[in-house]
Amino acid sequence: MNLRHIEVFHAIRLAGSINAAADRLNVSQPALSRTLKHAESLLGFKLFDRVKQRLVPTKEAELLFAEAKDVQVALERFRTLARNLGRNPDNVLRVGFLPSLGVGLAPKVVSKLPQHWEGFKLELFTHHYDVLVKRLLALDLDLAVGFSIVETPGINSTTVGTMSLTYLETDGPGAVVDPSPMDLREIDMNSFVGLEGESPVGVFLKDAFERVGVAYEPRISVHTYSVAAACVSQGVGCAIVDEFSARFTRGVRLRPLTPPLQFTITALTAENRPISNAEDMFIKILKSACTELHQES
Numbered sequence: 001m002n003l004r005h006i007e008v009f010h011a012i013r014l015a016g017s018i019n020a021a022a023d024r025l026n027v028s029q030p031a032l033s034r035t036l037k038h039a040e041s042l043l044g045f046k047l048f049d050r051v052k053q054r055l056v057p058t059k060e061a062e063l064l065f066a067e068a069k070d071v072q073v074a075l076e077r078f079r080t081l082a083r084n085l086g087r088n089p090d091n092v093l094r095v096g097f098l099p100s101l102g103v104g105l106a107p108k109v110v111s112k113l114p115q116h117w118e119g120f121k122l123e124l125f126t127h128h129y130d131v132l133v134k135r136l137l138a139l140d141l142d143l144a145v146g147f148s149i150v151e152t153p154g155i156n157s158t159t160v161g162t163m164s165l166t167y168l169e170t171d172g173p174g175a176v177v178d179p180s181p182m183d184l185r186e187i188d189m190n191s192f193v194g195l196e197g198e199s200p201v202g203v204f205l206k207d208a209f210e211r212v213g214v215a216y217e218p219r220i221s222v223h224t225y226s227v228a229a230a231c232v233s234q235g236v237g238c239a240i241v242d243e244f245s246a247r248f249t250r251g252v253r254l255r256p257l258t259p260p261l262q263f264t265i266t267a268l269t270a271e272n273r274p275i276s277n278a279e280d281m282f283i284k285i286l287k288s289a290c291t292e293l294h295q296e297s
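Residue numbering for the sequence shown follows our numbering, beginning at 1 and increasing consecutively.
Worth double-checking, as some hints may not be accurate.
Subject to a maximum C-alpha distance of 25 Å in a straight line, what follows is the list of computed SDA-like cross-link-like pairs (lysine to any residue) [unchecked claim]:
| id | residue 1 | residue 2 |
| --- | --- | --- |
| 1 | Lys69 | Ser157 |
| 2 | Lys59 | Arg94 |
| 3 | Lys284 | Lys206 |
| 4 | Lys59 | Arg79 |
| 5 | Lys59 | Thr35 |
| 6 | Lys134 | Ser148 |
| 7 | Lys37 | Ala68 |
| 8 | Lys134 | Thr35 |
| 9 | Lys69 | Thr159 |
| 10 | Lys121 | Ile149 |
| 11 | Lys206 | Ala278 |
| 12 | Lys59 | Ser148 |
| 13 | Lys59 | Lys69 |
These are calculated hints, taken from the structure and not from any lab test.
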């Protein structure tokens, strides 16, 4: 079977009839029927039985369908990549940030751009790490900004700065910095708002707590630092968040952690394409912005 056979088989399996599959693929019904018959002749067995004007997949077809889904996903990824190769103008830079970095770091970077760029357009996105990687590999993003928690095949990373994690607890109307450290072993999990354990940051926190003999079992699990910080600002327990999210949250007390927890902030690019001059300049601005934010803290 070639790709066309697989595409037709996949469409019929999803649609349940020749008519609906032909509409889905924008081809004539006779052409689709001929392609199906050709595929069945090559295989030596039937893929569908006709039952009450519907095509019901055979057992063999159901086994093939599981593999056909993966082929279709790969084919769609190929089409997206091909489309993106010719779509993006040279003067548009598409950059993705993790949500926490989008709050504190992205505005700082944007504020520095007019000093360096003229005639460039910037598109900013915020996504979780797995979505950033997926879009980079599809060339749907030029650059992403994340943490160096895991190494990902096909992705290059350049260190641009560091970020510390901070303990947050409810306080007055503003964000108050308390220099007295908070020991991880003293954090009460019954009032803790934590990052869900399957995310890279959640795994990092889980490992950090386990190293000091504490089981990572937050009472409330969330997916972003900003939500955790917002919960604390409303009097919902305590949390550990990045320093950028903490800085922009009102009604909380910020305390350093002991032992300290720190991430490296990295610029991420796809391994299969060279870095443009615009991307190289953006990375330099990222480094400068990270340095300035630490000087301000």
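Next on the checklist: Checking each numbered hint in turn, tell me which of them this model violates, lowest number first.
Outcome noted: 1, 2, 3, 4, 8, 9, 10, 11 and 12
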